[in-house]
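*Asks:* Protein chains in written order, with the numbering used here: chain S, 21 to 226; chain X, 898 to 1087.
Where hints are given, some of them may not hold.
[Said to hold, decoys possible] Under the rule of at most 30 Å between Cα atoms (straight-line distance), these lysine-lysine pairs were calculated in the DSS-like manner:
1. X/K963 to S/K73
2. S/K47 to X/K900
3. X/K1050 to X/K1026
4. S/K47 to S/K73
5. S/K63 to S/K47
6. X/K1079 to X/K1026
7. X/K1026 to S/K73
8. X/K963 to X/K900
9. X/K1026 to S/K63
10. S/K96 to X/K1026
11. X/K1079 to S/K63
12. S/K96 to X/K900
13. S/K73 to S/K63
14. S/K63 to X/K1050
15. S/K73 to X/K900
16. X/K963 to X/K1026
17. X/K1050 to X/K900
18. S/K73 to X/K1079
19. S/K47 to X/K1050
[Unchecked claim] If you want the footprint, here are the derived chain S segments under chain X, 3+ residues with CB under 8 Å:
20. 25-33
21. 37-45
22. 54-68
23. 71-82
24. 86-97
[What the hints assert, rightly or not] So, partial list: chain X residues that the calculated Cβ filter (under 10 Å) puts toward chain S:
25. N923
26. L933
27. K1050
28. R1075
Note that these hints are calculated values from the structure, not bench results. All values derive from a computational prediction rather than experimental measurement. From the three backbone atoms N, C-alpha and C, an ideal C-beta is built for every residue, glycine too.
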Amino acid sequence: MQMNCARLEHKILLAESGELSDRQLEKLEEHLSACQRCQEYRKTVLHIISTSKDALPGGEPSPVVMSRIRAVAEEKITPKPIVFRLRFASGWDYIRQVGRPAIRVLAYAAVLTLVVVGWFMFLSNGQADRISELNVILAMMSEDDLGEVGYSDGSGGDRELRSLANHLLLMEGLESDDFTDVELWEIPPTALRLHNIAGLQQKKRV
Amino acid sequence: MEKTDRELLALYRNGQVDAMERLVYNYRRPLFGFILNMTEGRDDTDEIFQEVWLRAIRNLGRYRHKNFFGWLVRIAHNVIIDRARSRKLDLSLDEEREEDQSLAEVIPGNDPGPRSQVEANDCAENIAKAVACLPDDQKEVFVMRVQAGFSFKEIARIQEVSINTALARMQYALAKLRAMLKEDYEEMGY
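My request is simple: use the sequences and hints to build the entire structure.
*Replies:* And the structure:
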């Protein structure tokens, strides 16, 4: 089989570097025995390589360089003192390698805590505002208003008001056991005075 | 009995600095020669040689115990490229030359006298100058193959190219050298 001589130049180089298998070498030799061009090419390659080997400049590094390399090698394997290991002497690198997982966990915990606390604060504030508003509404109800439902003398009105307030506060999610003493609001002169509405107290949620 | 690279590295990791010193000593000539041929000044070569070993010592954890010298040359290859980029080196010429130009025309002052006056050391000097004139990628392949003795497979891995590309670069380098040293080789009968 005729081989492409141009392609065989690669094979000749690989043969020179010892990277051809025995079978490939055999086929190459078979071709070379019959091809003058490839023989000439191989001869030239081998000659250039052999003359260049001795011709290329060489040398050695200076003793100073060798000493520096040894010093670095020594420093690299010298164990560091225990004190250094306990400190963040390498600073950021140490924090990144060792502290990062712990810092991450703490950060997540802090954020979660803030979210939960903020949620409850929101709820409690909102609730406190609504309870406050209800109390104001009740306080603003005038004698005339209550008179229409038969509370003009003030008696019985407390009971009914208490019942109304209880119902409204229950709608806000407060349990009846939560009701103790009411916190009295300052009532404008024209408004009905609320007093002694037992069983109601605002819990201030922090 | 001479210890292998793997054994020396293991000894070094166990605290024996002499083992690393031995390794540096074993590879000082081939590595230095490679760097010297890829640069043009001895000062730069010393610096690069030192830098290669500093990087090797710092990154021993990344070495995978395949071919230690090949790993060193790869580091040297990267250091040389980094330096060339930062323009700290005066790298060899990257000019393309006409293939029919002889070395006498390329190198000024070279006396194109009778061939009989060309001494063996002049020939060697001419070869060295011709190699220095090769483009960097071809010169690197040539130096790694001829001076360091790497296989084309290893050269391809260091240069991060295919083996066919490495072989092609060697082909071009040989063709250029043959053209530049035409008269020298013809006198020798090649």
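*Asks:* Quick check: which numbered hints come out false for this structure?
*Replies:* Result: hints 2, 10, 16 and 25 break, sorted rising.
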